[in-house]
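First to last, the protein sequences are chains A and B. To convert, count from 1 in the first sequence and add 1483; that's my numbering. To convert, count from 1 in the second sequence and add 756; that's my numbering.
In case anyone wonders, no lab produced these hints; they're calculated from the structure. Note that beta-carbon positions come from the ideal geometry of N, C-alpha and C, so glycine has one too. It is possible that some hints are incorrect.
Each computed DMTMM-like pair below joins lysine to aspartate or glutamate, with the alpha-carbon atoms no more than 20 Å apart [what the hints assert, rightly or not]: (1) A/K1763 <-> A/E1774; (2) B/K821 <-> B/D908; (3) B/K769 <-> A/D1753; (4) A/K1681 <-> A/E1619; (5) B/K917 <-> B/E829; (6) A/K1680 <-> A/D1618; (7) A/K1720 <-> B/D908; (8) A/K1720 <-> B/E795; (9) B/K761 <-> B/D908.
Okay, the calculated bits of chain A under chain B, using three or more residues with CB under 8 Å as the criterion [stated by the list, open to error]: (10) 1512 to 1521; (11) 1750 to 1757.
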Amino acid sequence: MSDGVLIALISIGVTALFIIGVPIFLIIGLWVVGVSLVIDFTLANIGVTLYEGLNFFGLLALPLFILTGDLINNAGIAKRLVDFAYSVLGWVRGGMAMSALGACGLFAAISGSNSATTATIGSIMHPEMTKTGYDENFAAATAASGGTVGIIIPPSIIFIVYGFLMNLSISDLFLGGMIPGIIMVVAMQTVCWYMSKKHGWGTIQKLQINRILRASLGAWLGFFAIGLVVWGIYTGKFSPTEAAGVTAGFCLLVGIIMHPIARVLGVREDGSVEGLSAGKSIFVPGFAIRELPNIILRSGFITGMLVPLIAVSVVMQQILSLLGAKDFVTAMLANLGGYYPILFACMLLVLIAGTILESLPNTIILAPILAPIAAGIGVDPIHFAVVFLVGDAIGFITPPYGLNLYVASGITGIPYFRLLRYTVPYLIALLVAWLIIALIPDLSTALLFHDGAGVYQ
Amino acid sequence: MFVLKWLDDNIEKTVILVCYLAMTGIIFVEVIRRFAFNEQAAWSSTIPIYLFLWVAWIGCAYTAKQRAHLRFEEVRARLPYTGQFCAVMLDHVIWIGFSIMVIYFAAEQVQLSYDNFAIVQGTDNVMQWWFYMATPVAFALIIYRVFQNMIDDIRRFREGKPFHIKAGLGGE
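Please model the entire structure based on the sequences and the hints provided.
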């Protein structure tokens, strides 16, 4: 049997294992081992790369942003951001669901992960939405879909990985993701508004400047954290990793210091500002020092889930490049000719791969193949990165493997397949947003200081 | 006995806590120091990465212990009981096989670094092989955890109890 046939058999075999539920880490690991044996490539490479593949300062931002997300959630800052979003959007039909989406955007601007965004906003908003008359399936679908902006609005774990792989400035990538992330939020809010209007979901509260001011006062720590990250990265005062470290350290200290103060002042544990005077509402509930180990362990748990996946995907990417996957795909796409056919073909590949692959493996495996092709036809590298990663983000809610759907199903108890149906309108909105982002490169590159075209750091 | 029980419960947690806090602390303090006093330790960009590698791989064992590694669950949840048992056992066998391979090759790496007296950049006497130990140690731990889960699953199978099919995403 030729190598090609053997590799095809291995690929089919591991796909079968994937279907019966073997962990993805092992699926990729087995593929790598199998193919290495077939093409007679040393297995020692795996031992080295699982370690050296992660040995990169930029990647450190990943555990730090995960920790930041857990800290702002536990300190009650996330709840304040949700309240703020609601105070701004509560007067519209469907305002609560729309503010859940807006809060996803705000949370995404401090944390960097999709599933964390879904889990945090979903667990705060889902009960509230169900209480005020939303369909519970729709409410869960809102949390799952809203979470997709988690990796597009900076800071973002996946941008860090992309920059690390493709040698692009991570700060540039972060700036590139800002406007597209907002477009995604607005697109989903539009759908949400339409659905809520059609079904008469939710209640309406009057728009009051007073309420907005109060809520923003309560959320000031969240805004400060967002400002810190954006300012630090935009001005180049610190690298993304340092920004992550500073925000994590800041949120940790704030959480601990505020806890006793909040108790004395009688700030409610759930973070709600109702009935508090303006002066008291600037304090968040925080967390006791003895809760800290559990918060960190939770982050360690998520890190232990994602980072091994990165490492093993890097090995897979190496093997694919040994096999000449890049030349193969290039030759295949070259026949299409032209800027748009190739760009759309790349997008289609990302989308299809995203239905079964988790976003990190998807990026690590496909980006090194597709990015040079896109660069070859003159797509700006930052623009392409954003297009690629928005497609990746959409993969979080596409079946069969959509991580956000699992998370939302896990926190709300709604079965996976039912959730899937209710996600369709959001999926369509995101696809439209994706097309817009792909067709107008300026949306991704407008915020960069320099013309991003071809500038590899 | 008490010590062993404690270690069994807390070994991953302790490593993750210490390394995670140290890594965050070093970066936070060093950035502040750079702003305030214009000084920064040379090892502040190397040691945290190595701590991160410990967090990542020990975290991998911690996640394996809780059977929470990302996977597609919908088909497995609908398999007949014996089918589920076989699928769960298959996971364990693959984990163990893969871990043995990683330990074998990672140990070579540690040996090499040990023989070369390689030190961490920016330090005078911090040996690199201390950190290279992360992968072999973590995968040894994974084998141990997988064995524990395997015994648990065999017991469940005998008693006809349900298996852990849904991964808990919440941690503990």
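Structure-based check of all given hints:
Under the criterion of a C-alpha separation no larger than 20 Å, the hint pairing A/K1763 with A/E1774 is inconsistent with the structure, at around 23 Å. With a CA separation close to 12 Å, the supplied pair B/K821 and B/D908 stays within the 20 Å bound. The hinted pair formed by B/K769 and A/D1753 fails the criterion: a straight-line CA distance of about 27 Å is larger than 20 Å. The straight-line distance between the Cα atoms of A/K1681 and A/E1619 is roughly 16 Å, inside the 20 Å bound, and the hint therefore holds.
Straight-line distance between C-alpha atoms of B/K917 and B/E829 comes to about 18 Å, which keeps the hinted pair within the 20 Å bound. Among the hinted pairs, A/K1680 with A/D1618 is consistent with the structure: their alpha-carbon atoms are about 13 Å apart, no more than 20 Å. Pair hint A/K1720 plus B/D908 does not hold up; C-alpha atoms about 52 Å apart against a cutoff of 20 Å. The suggested pairing of A/K1720 with B/E795 holds, with an alpha-carbon distance near 15 Å, which does not exceed 20 Å.
A distance of roughly 17 Å separates the Cα atoms of B/K761 and B/D908; the hinted pair therefore holds under the 20 Å criterion. A count of 3 residues in the stretch 1512 to 1521 of chain A with a Cβ less than 8 Å from any Cβ of chain B is obtained; the coverage claim is therefore met, three being the minimum. As drawn, the stretch 1750 to 1757 of chain A meets chain B at 0 residues by the rule of a beta-carbon pair under 8 Å; below three, the given contact is violated.
The structure shown violates the earlier hints numbered 1, 3, 7, 11.
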